[in-house]
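K.L.:
Residue strings, one per chain:
Protein chains: 2
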Amino acid sequence: MLSNLNSVLMDQQDITDIQQELGKKSLMGLSLKTLIADTDNYLELPLDVPGHSPAGGYAHNKHQLNGKYIDQAGRLFLITGDEKYAQFTTDLLMQYADKYLQLGFHEQRNTNPPGRLFHQLLNEHVWLLYASLGYSCISHWLSKQQRAYITARLFIPLLDMSTVQYDFDFDRIHNHGIWAVASVAICGAAIGQEKYIDMSIHGLKGDDEEGGFLAQISKLFAPSGYYMEGPYYHRYAIRPLAMFAELVHRFRPELDIFNFKDQVIGKTIQAMLSTAYPNGVFPALNDASQTMDIKDEGVVIAVSLFSKHYPEDENLLGMAKIQNQVWVNGCGTALSKAYASKESVEMPCLPSIELNEGRNGDKGAQGFIRMQNANGDISQLVMNYGQHGMGHGHFDTLGLTYFNNNQEVLREYGFARWVNVEPKFGGRYLDENKSYARQTIAHNLVSVDAGCQNNFDVDIADNKHGIPHFFVGSGKVQGMSAYAVDFYPGVDQQRTVLLVEHEQLAHPILVDLFRLSSEETHQYDYSLQYQGQIIRTNINYQQHQTLNTLGDDFGYQHLWNIGQGQAQDTTLVSWLQGQSYYTWLSASSSDDTLFFTRSGASDPDFNLRSESSLILRRKAKNSLFANVLETHGYFNEAVEASLEARGKIHQVNIIGFNNNASVIEILGDDINLTVMVNNDPNATSESQTTIEFNNQSYSWQGFLAVETNNTKRS
Amino acid sequence: MLSNLNSVLMDQQDITDIQQELGKKSLMGLSLKTLIADTDNYLELPLDVPGHSPAGGYAHNKHQLNGKYIDQAGRLFLITGDEKYAQFTTDLLMQYADKYLQLGFHEQRNTNPPGRLFHQLLNEHVWLLYASLGYSCISHWLSKQQRAYITARLFIPLLDMSTVQYDFDFDRIHNHGIWAVASVAICGAAIGQEKYIDMSIHGLKGDDEEGGFLAQISKLFAPSGYYMEGPYYHRYAIRPLAMFAELVHRFRPELDIFNFKDQVIGKTIQAMLSTAYPNGVFPALNDASQTMDIKDEGVVIAVSLFSKHYPEDENLLGMAKIQNQVWVNGCGTALSKAYASKESVEMPCLPSIELNEGRNGDKGAQGFIRMQNANGDISQLVMNYGQHGMGHGHFDTLGLTYFNNNQEVLREYGFARWVNVEPKFGGRYLDENKSYARQTIAHNLVSVDAGCQNNFDVDIADNKHGIPHFFVGSGKVQGMSAYAVDFYPGVDQQRTVLLVEHEQLAHPILVDLFRLSSEETHQYDYSLQYQGQIIRTNINYQQHQTLNTLGDDFGYQHLWNIGQGQAQDTTLVSWLQGQSYYTWLSASSSDDTLFFTRSGASDPDFNLRSESSLILRRKAKNSLFANVLETHGYFNEAVEASLEARGKIHQVNIIGFNNNASVIEILGDDINLTVMVNNDPNATSESQTTIEFNNQSYSWQGFLAVETNNTKRS
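First to last, the sequence lines map onto chains Z and S.
Numbering-wise (numbering that gives the first Met the number 0), the first sequence opens with residue 0 and increments by one.
Numbering-wise (numbering that gives the first Met the number 0), the second sequence opens with residue 0 and increments by one.
Please note: incorrect hints may appear among the correct ones.
No copy labels: a pair is met if it fits in one copy or bridges any two.
What the hints assert, rightly or not - The calculated lysine-lysine pairs, modelled on BS3-like cross-linking and capped at a C-alpha distance of 30 Å, are:
1) 24 x 341
2) 341 x 23
3) 336 x 24
4) 98 x 67
5) 336 x 307
6) 61 x 647
7) 336 x 260
8) 320 x 23
9) 294 x 320
10) 218 x 204
11) 341 x 61
12) 32 x 320
13) 67 x 647
14) 83 x 32
15) 618 x 433
16) 218 x 433
17) 143 x 475
18) 24 x 320
19) 266 x 143
20) 341 x 32
21) 194 x 307
22) 620 x 362
23) 32 x 463
24) 83 x 23
25) 61 x 362
26) 463 x 98
27) 433 x 294
No wet-lab data here; the hints were simulated from the structure.
Chain Z on its own, in the form it takes in the complex:
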């Protein structure tokens, strides 16, 4: 079968189709142009196959690049026919074959076994995958001797290392495991030893249970397609997953891989994409950078793959518009043609979605609510009420992020890591990742008794998850609600967040009802991570003349207490972020204290970014933090324009709350809303609720209701 192929992932028809896009302005044409320019730049550099360096060092980076360009040049040889690409690929592979076995293994640095090129096997697998792809494109161009030499001195040792020496690490159910099986399968296909394909698909034991690709894709994802380590790690795993799926499709069509297990491959691609903010950036769920986005190579490949093998999806074309590129492969051609066939492609506007977690979908969920306003701007609310994301998990169950006007408003700090920045601990995770970034107080939720959820214990956290209450994902009032039981000893929590459209307001308002229940009195710190300049507040506060940290542990040691003041009945703080104003209002009392903080304390190496937060502190047994966030106005310093720097909402009052229901009112200029939420875990969308607070009765059907009152207030 191999002899009929020009590459393990492209046949002659794919290549002909791609050739026809050369010089065109189609997505494939543009992608090809970029690929050629990028590859040609690299071809101008002297060849170099170095030895060892630490992660982020020269040799590490060089091996990585060599792998990447072996693949790119290989593909370009097939597409352009230019032998310079074949020669380059050959020269590099021959040099690696000369040198590979002479390179000793790296010292072991972490739990991942070391390779010969890299400090950890994961990187060796990534390299193997690309080198094998490149080899498969040029192998017919090589002499028999060259093929034998490269196979014997480079690929077989690599395959042995993966499947024999480190067999224990080969096909496990883990995102690294997908890289392992994908690279071994692709290498096996490239050198014509198909046994490697089969052991990669079915596991070393061949039972599809403990390892192998089919077991991995059956077990790694929730029924919703969600990957528990979050989109940052998902997009890293999706790259080998998509390439391996394409290989399986070509070499083992009888497995019907794209329909396997209820189309798990398509579903997990869609789940990953459905987490993204409207600008294509992924919310930093669990350890993640704030900037990873759908232009990542893995996502580009996955979107192209989906487009070829699954039904057309308008939002996917919108994603391609943001990506502005496709995978240079037959799958990419399919996407490029679908895209070109449209008169115009809109930016994606994804529906609201709740993605369940756990192998059976019963370990909580991640909720994504989106609402588009009349100007086309999309507000997106992300709430985490799923599982702890294993070793990368943040202790932020019921945590929230919020995005609109092209920026994250309630922000996730992301990881404490300067990725690939060698002087910053080799670009690895920093101590402050544990001491700050993963702590509860670094997020947008309540910290109890100045501590962390589950006492920052991963084992405890791994055994818990949020409990979904409701998810209403369409209409002018959308919302979701969930519980976190005993994440702090003796304290139960429920959070209900809504997006509510109102004719007086250009953007929906965010209503956030964070309820805590306990038999003992606790200190509750409701915190919001914001960015920008404070514009006004209605509280009397003192800016401190000497700054101290807000605490000694659980992340508090990293927060400077900039200022504090007694809260008001409705505490109000406005800030300006970018070109937009935001006003936060919270029902509170003079017993509460508002803190203004800034991160960067106890940070001897300047590893943390200096970022600001608000913390509303209250001592109580049972308490409801009832908040509204209004998005308003416009500011553009360059043209000196400012509109509506003050919001329209003035007051948030709690009418009442208990285990059955919460009722609040929101008052402002021509705004008078009553928000009613059913808190009973047994409620359904049919439930009739009637409840009395302050001698007034409130009734509604279902989980929630928002009523407009006619009485106007000034």
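Given the coordinates of chain Z, work out where chain S should sit on it, guided by the hints.
P.N.:
Frame of chain Z, contents of chain S only:
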């Protein structure tokens, strides 16, 4: 003459030419499209002529917008012939005519007299200018009665207010004065009362001395064309200046205005443009925002005007490329055609330039040095060694800013003002503008004895200026040097800054030699305002566990002392800003102390931005701060790339310095430079200097020399 015109600033040929660009992708076509869309949006709103409001309030903004759209709709009536524009313009003007005299005057709030529409006369003049332009476009379409009504009830009262009631404020030599005369002249032209043109040109007294346009443009600018309040105020004055010049050209061609006084109009436009950073943003010299740029309306008009009336200039076309628009006027058509006639237009690459200050060019200068690297990136160095900018002046003589990689690296804080943000003190200058933004310590230079230059006394400062030493504005080593004598009692200062290309480095290095001389011991604080994340430093420092301010006055009260440590022989700090790394190295000793600071202390209303600086403190009589700033590497978090996070320069040593010369060496990987500077005020480019330090002799010709030594260092 008037009867032949369709507008006071456009004749029939201009209009025909503009009409031909409708629907085209030329700069004029695009500008027209934008103008139409913008105007049509406004036409859909209900007409409203409100009463009074404070600055930044509703009525203020509405009057401003009404004025703007009277002009835009007027022009569009002539260009499109669509009577809806004429009707809108008429309706608005009639409503203003109904209401104007019934509106009382605002209360006087500042030194500027109040108007009827606005709190200060300046805004009333801006409004009058636009309303008059719009009226001139539609007056032939009005009935005789309408013309009489608008003239009698609106324009004549406005003209009377300007030229009779507030005659003392009318034609003075000041940037507000240009708005006054331009608006009165244009109104006079629009209603056919040309006496107003003449009194605006020649002054109320008609003597071209104490007032009027000709006196203003003769006296406001230095021979170099520089305006002493800096580009932020210059671009505001240039708008009425350019429009009035066009009017003079049309109505008083005999004055040959564009050749008047050695082409002062063309020269001052060029001077303003020549201050801009490579991205078109103006350096914030004196009180200014950090974001004002050449897309400002005044600059767009000025560039179009220049293009019509002065010889073609490639950099001006480059500016138009950044602006991506032209003035919708005959001048704009000229620019649009010149632009379209080029096969391609490059981004502007302005030459280095020294702009002298003072009416005779003898009050110091502003220096702008630019160097483009092989990748096309332009580094720009700006040094202020001119006059104190009057009431808006910052106390930063010998201050520096530095720009490359599309960002300001050594930063100017800009004004402490949230312009037009009503809850921030009506968008006006804040107390912190005086207490921080204008203080010496807020800038990139040396503060002596924790004080401010000239003791923050404007009167003293207005009588001083920097003294230029040399300016070398071409070649691979460029530089400038200047003195500040007695800006601190008993302390003289000289700063020499160089940009030096080196084959080992992708970007030029910035060499900064800041020399202080005194007979007494003083505390010298050399400060750098940077932005981004500290990546590494070679000093042992302590981050403080409790933060205090760095001082009590002169801006120090606004700086948190984050951490401090003993300096090294060469003190090194690297940081990451955006996608680029920067390393600062300074020759120092263990007697010096380095402070890490952050602004925002003593700021009860959160008026200041939180920004970071480095301060190297030294006690000495005579001292040289010898610094190098290296730009290196690349970081892109989204694609997880980091290259060359460590710079190549390791050491900066002072060989010797005195009143005659300074000699330093710069050592690094394959880098070994000796930098020699002549400090003698009497030096010339022919001077031969020979000086001995540590028994070694150094010789060179001219102001400065940079020599490469062959001895390599590891």
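K.L.:
Are the hints correct? Go through all of them and say.
P.N.:
Hint check:
1. Taking the shortest Cα distances, residue 24 and residue 341 sit within 30 Å of each other both inside one copy (14 Å) and across copies (24 Å).
2. When the C-alpha separation of residue 341 and residue 23 is checked against a cutoff of 30 Å, the pair qualifies both within a copy, at 16 Å, and between copies, at 25 Å.
3. For a Cα distance limit of 30 Å, the shortest separation of residue 336 from residue 24 qualifies both inside one copy, at 12 Å, and across copies, at 28 Å.
4. Taking CA atoms no more than 30 Å apart as the test, residue 98 paired with residue 67 passes inside one copy only; the shortest distance there is 18 Å, against 72 Å between copies.
5. Proximity of residue 336 to residue 307 under the C-alpha cut-off of 30 Å is restricted to the intra-copy arrangement: shortest distance 10 Å within a copy versus 47 Å between copies.
6. Taking identical chains as interchangeable, the C-alpha atoms of residue 61 and residue 647 lie at most 30 Å apart only when they sit on different chains, with a minimum of 19 Å there against 56 Å within one chain.
7. When the C-alpha separation of residue 336 and residue 260 is checked against a cutoff of 30 Å, the pair qualifies only within one copy, where the shortest distance is 28 Å, while the shortest distance between copies is 63 Å.
8. Taking the shortest Cα distances, residue 320 and residue 23 sit within 30 Å of each other both inside one copy (16 Å) and across copies (26 Å).
9. Taking identical chains as interchangeable, the C-alpha atoms of residue 294 and residue 320 lie at most 30 Å apart whether they share a chain (10 Å) or sit on different chains (28 Å).
10. In this homomeric assembly, residue 218 and residue 204 come within 30 Å of each other (Cα to Cα) only inside a single copy, at 17 Å, whereas the closest approach across copies is 91 Å.
11. Proximity of residue 341 and residue 61 under a CA criterion of 30 Å is satisfied in neither setting, with 41 Å inside one chain copy and 42 Å between copies.
12. When the C-alpha separation of residue 32 and residue 320 is checked against a cutoff of 30 Å, the pair qualifies both within a copy, at 17 Å, and between copies, at 25 Å.
13. In the homo-oligomer, the alpha carbons of residue 67 and residue 647 lie at most 30 Å apart only across protomers (27 Å), although the nearest pairing inside one protomer, at 54 Å, exceeds that limit.
14. Only within a single protomer do residue 83 and residue 32 lie at most 30 Å apart by alpha-carbon distance; the minimum there is 17 Å, versus 49 Å between protomers.
15. Proximity of residue 618 and residue 433 under a CA criterion of 30 Å is satisfied intra-copy only: 27 Å inside one chain copy versus 41 Å between copies.
16. In the homo-oligomer, the alpha carbons of residue 218 and residue 433 lie at most 30 Å apart inside one protomer (28 Å), although the nearest pairing across protomers, at 64 Å, exceeds that limit.
17. Proximity of residue 143 and residue 475 under a CA criterion of 30 Å is satisfied in neither setting, with 67 Å inside one chain copy and 54 Å between copies.
18. Taking the shortest Cα distances, residue 24 and residue 320 sit within 30 Å of each other both inside one copy (13 Å) and across copies (23 Å).
19. Taking the shortest alpha-carbon separations for residue 266 and residue 143, neither the intra-copy value of 43 Å nor the inter-copy value of 73 Å comes in at or below 30 Å.
20. Taking the closest pair of Cα atoms, residue 341 and residue 32 come within 30 Å of each other both inside a single copy (22 Å) and across two copies (26 Å).
21. In this assembly of identical chains, residue 194 and residue 307 lie within 30 Å of each other by CA distance solely inside one copy; the values are 27 Å within and 76 Å between copies.
22. Taking the shortest Cα distances, residue 620 and residue 362 sit within 30 Å of each other inside one copy (28 Å), while across copies they are farther apart (71 Å).
23. Proximity of residue 32 to residue 463 under the C-alpha cut-off of 30 Å is found in neither arrangement, the shortest distances being 49 Å within a copy and 58 Å between copies.
24. Taking the shortest Cα distances, residue 83 and residue 23 sit within 30 Å of each other inside one copy (23 Å), while across copies they are farther apart (44 Å).
25. With identical chains, the CA atoms of residue 61 and residue 362 are never at most 30 Å apart, being 42 Å at best within one copy and 55 Å at best between copies.
26. Taking CA atoms no more than 30 Å apart as the test, residue 463 paired with residue 98 passes in neither setting, with 49 Å inside one copy and 70 Å between copies.
27. Taking the shortest Cα distances, residue 433 and residue 294 sit within 30 Å of each other inside one copy (29 Å), while across copies they are farther apart (46 Å).
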